[in-house]
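Chains as they are written, first to last, in the working numbering: chain A, 1 to 363; chain B, 364 to 726; chain C, 727 to 1089.
Hints listed in this document are in silico derivations from the structure and should not be mistaken for laboratory results.
Because the structure is a prediction, the values reported are computed rather than measured.
Treat each hint with caution, since some may be false.
[Unchecked claim] To be clear about the criterion: a stretch of chain A counts as covered by chain B if any three or more of its residues have a C-beta under 8 Å from a C-beta of chain B, and this derived list gives those stretches: (1) 16-27; (2) 51-58; (3) 64-70; (4) 136-147; (5) 198-207.
Don't be surprised by glycine CBs; every beta carbon is placed ideally from N, CA and C.
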Amino acid sequence: MAYTVEQIAQALGATALGATDLEIDSVAEPTDATDRQLALAMKPEYAENLSEGEARAAMLWDGADWQALGLEAAIISPRPRFALAGLSAMMDQGQGWPQGIHPSAVIDDSAELAPDVSVGPMVVIGAGVRIGAGTVIGPQCFIGTDTQIGPGGFLREGVRIGARVCIGARFVAQPGAVIGGDGFSFVTPEVSGVERARQTLGEQGEVQKQSYARIHSLGSVSIGDDVEVGANTCIDRGTVRDTRIGNGSKIDNLVQIGHNVVIGNDTLLCGQVGIGGSAVLGNNVVLAGQTGIADNIFVGDNVITGGSTKALANIPAGRVMLGYPAMKMDSQMEVYKNLRRLKRLFTDVAALKKTVSKIGQSD
Amino acid sequence: MAYTVEQIAQALGATALGATDLEIDSVAEPTDATDRQLALAMKPEYAENLSEGEARAAMLWDGADWQALGLEAAIISPRPRFALAGLSAMMDQGQGWPQGIHPSAVIDDSAELAPDVSVGPMVVIGAGVRIGAGTVIGPQCFIGTDTQIGPGGFLREGVRIGARVCIGARFVAQPGAVIGGDGFSFVTPEVSGVERARQTLGEQGEVQKQSYARIHSLGSVSIGDDVEVGANTCIDRGTVRDTRIGNGSKIDNLVQIGHNVVIGNDTLLCGQVGIGGSAVLGNNVVLAGQTGIADNIFVGDNVITGGSTKALANIPAGRVMLGYPAMKMDSQMEVYKNLRRLKRLFTDVAALKKTVSKIGQSD
Amino acid sequence: MAYTVEQIAQALGATALGATDLEIDSVAEPTDATDRQLALAMKPEYAENLSEGEARAAMLWDGADWQALGLEAAIISPRPRFALAGLSAMMDQGQGWPQGIHPSAVIDDSAELAPDVSVGPMVVIGAGVRIGAGTVIGPQCFIGTDTQIGPGGFLREGVRIGARVCIGARFVAQPGAVIGGDGFSFVTPEVSGVERARQTLGEQGEVQKQSYARIHSLGSVSIGDDVEVGANTCIDRGTVRDTRIGNGSKIDNLVQIGHNVVIGNDTLLCGQVGIGGSAVLGNNVVLAGQTGIADNIFVGDNVITGGSTKALANIPAGRVMLGYPAMKMDSQMEVYKNLRRLKRLFTDVAALKKTVSKIGQSD
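Construct the entire structure; sequences and hints are all you get.
This is the structure:
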């Protein structure tokens, strides 16, 4: 489907300049762009490649001299990255799945599907399930007993949702996501070495051979509106009450969210983040890839972590953290700098000892 | 299904106090409990919230004054967390799946299913498979050629088990678990940079462009009795012999277990743990979330690690470890403390140098 | 299927010694080997166990005295580990799946399957898909709209490939791998705390409650020839252009590859590696298990990392790296050594301060 430069700019609330009736089929990077593609050159360093491609129009940064770049038209946005959200939504070709209920799907008679729900091939939908209007259940998905999914959702292929999960509107799940697996909760008949090591911070006491009894998960998972869950990510259900994810939170691939965890609103968890059981995260938190949050700890609102941060203790609201164990980012950067200077310090101290020893003798 | 307080206490080997004929439908946290729910307040700090809910009965810690808490009945256990294992098993509603063999399942004629095996929709069961009595194969599972699963097992939706895997009794697998993927084993025609870097601890020698040849996995996976495997966890098969998991071991979500790994009995691996190829773990080991164990190393019995511990070398039995690289937890805690004091140390040494230099001159 | 020792040696380009007409059914470790199995004892330390098994023939290292080991025949290879690649390919029993197109598979009429393509039960193949000759699509796989897979591929059970993915020849994918999930890309209306913290390396400025808008992924994934992707590994598609994996690269289980990532040829990513969005990796790179590569950084050709290395900045070609944050391996080893000596250093400096103070006073 083609749009004019003018139509695109209007849809994005951006400014169209030049030959605004040029037709655009799709978007491309400057080097690859054909003459019917809108080149994305939202920073000056990307614009250098415009001449390598054939773009006649581009989305540019505020203040760009589009004519000097050899373009016939331009779209200017004060925050081009934000405009890209709208632009990419316009241009998204989607997954190309047919609409409707595929005949191979196994749907329990008691399930209630609102109008315009699509269900792909090989899907299994259990008893008592309720799915809101317009939601797409992709091929090979599984929806467990009594689970509810709100309207406007989109589940990619092979998403698995266990029993009694409750999910809000406009839910997006990537392939292979698992919601509502059982919590990992086991207990030994007698006090265990781990329990003692936690209390003593390192001593497990006398070692004892013990087997584990399983604590079953009786809770499920509650997920708010506008949540996205990544590919092969796992969200376990709670022991007594539900594990909870707030509105607007986005979770990347291969993330582990343990039982009883509570995550606030508009929180972002990047790839391979792990949240230990019963940890509590606030609103507007951003955890970078491979961040680990120990079980039972608290992470305040607006906390940000750098890549691979490992938090073993509570983090107050607003902190920017880095490292293992997590420290404030600026302190950690200083530690890293000092580590690199450590060799020199050892040399200095050795020299000092010699000098002082000499002075002492000469005294 | 309802139980009296007395019935619950008897089943758990615990003590019932007060109006022991009160009927209980399910359990809840103190704040959320209705008058037909057993509140779980197994530590004094949780009991504070009892007044916010409507519970008439609660499970309490040994020595709790249940009447002072406004309750009509109580269950007292010497180790309430262990009692919770039995209680949660009693109260578990399960996944609500129908019993029997679903007609959409594709089951090879040569597969032998013992009595009372259930097979969900869209399941594929290969040739020569044997499944023990009462085992539940959840929707969309795959069981490969000649694989055996013991009695009393429960496979959640979408579990995938490759060829020739051998699994004991009472096996539990969470959604999307993969058992018997091929090992990750590749070799270059000539000695590679990695081989040289391992020998020299850092020097790969002269760099050479090489492609990899695949070493096929001829072994499979052997799993003992009472093992649990988490959601989207992967256990690779062995190169020549089987990868092995001992009795009673429990594995959380998104765990990676490489080819040829041997894991003992009653060992716990928490979320996102990674075990490199050919590593050997003893019995009663507990590895916290995101722990990494390098390939080819040995972890002794009763070893415990803290969150995100990264072991690059063998760990003797009984050690409690933390950090990257792994050290004894108490040593590591001291290192962390010293790192925070490092800035001060640099200042002190700089000052000392000045003082000593002055003394030297004045000498 | 049985081979003589002579036939095996010829196939591997190795040397057969002794009773080269001995028949071999399969391979085994020395301890487990029966009299019709070839024992693998490719290093002297493994040969010690030959007497515990019943092997009459073994694959040995160059220069081994096979007769002294009590064997009747031997295969000698200058690089036995490389010979194992060929040997394991000969002996691989495979997954035992039937050939052909299973009637339960849902295949769009517009999909083009070359001769000898096998499609397992419960597979879904979308519109416009093209699959090359001899490729095996395992049970319960999903292949999205307009995706192409080259000849000679082998997809284990439950692999999921989204729309418009382009894959070369001889592709191998392990169970549950996800290729072409949507990129994790979100943007706030105003500049966010994360954007500010990146610029200032630690200060997010005034905190502001903001919700995220989704940047849709318009690109897909391009994968070269001879690539292998591990179980439950995720490769996201690109924002504008494709995410790209070069020829001959091998990816282990539970690896995360973000949107727009470019990976060169013959690169190895071990278990649970994470590559942040838009990172670029060169050729012949080897990243050990749990390595993390931050988004938008560059990793040069022939870079090698040790286990759990966390790279927060570019790595020049040829470097061998370790630790968090990543340093050259030899520097990092020295840091680790110094950390262990840190306690002593504090003691030394404290003693020096005392001594110097005394000298100062006595001066």
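Which numbered hints fail: 1, 2, 3
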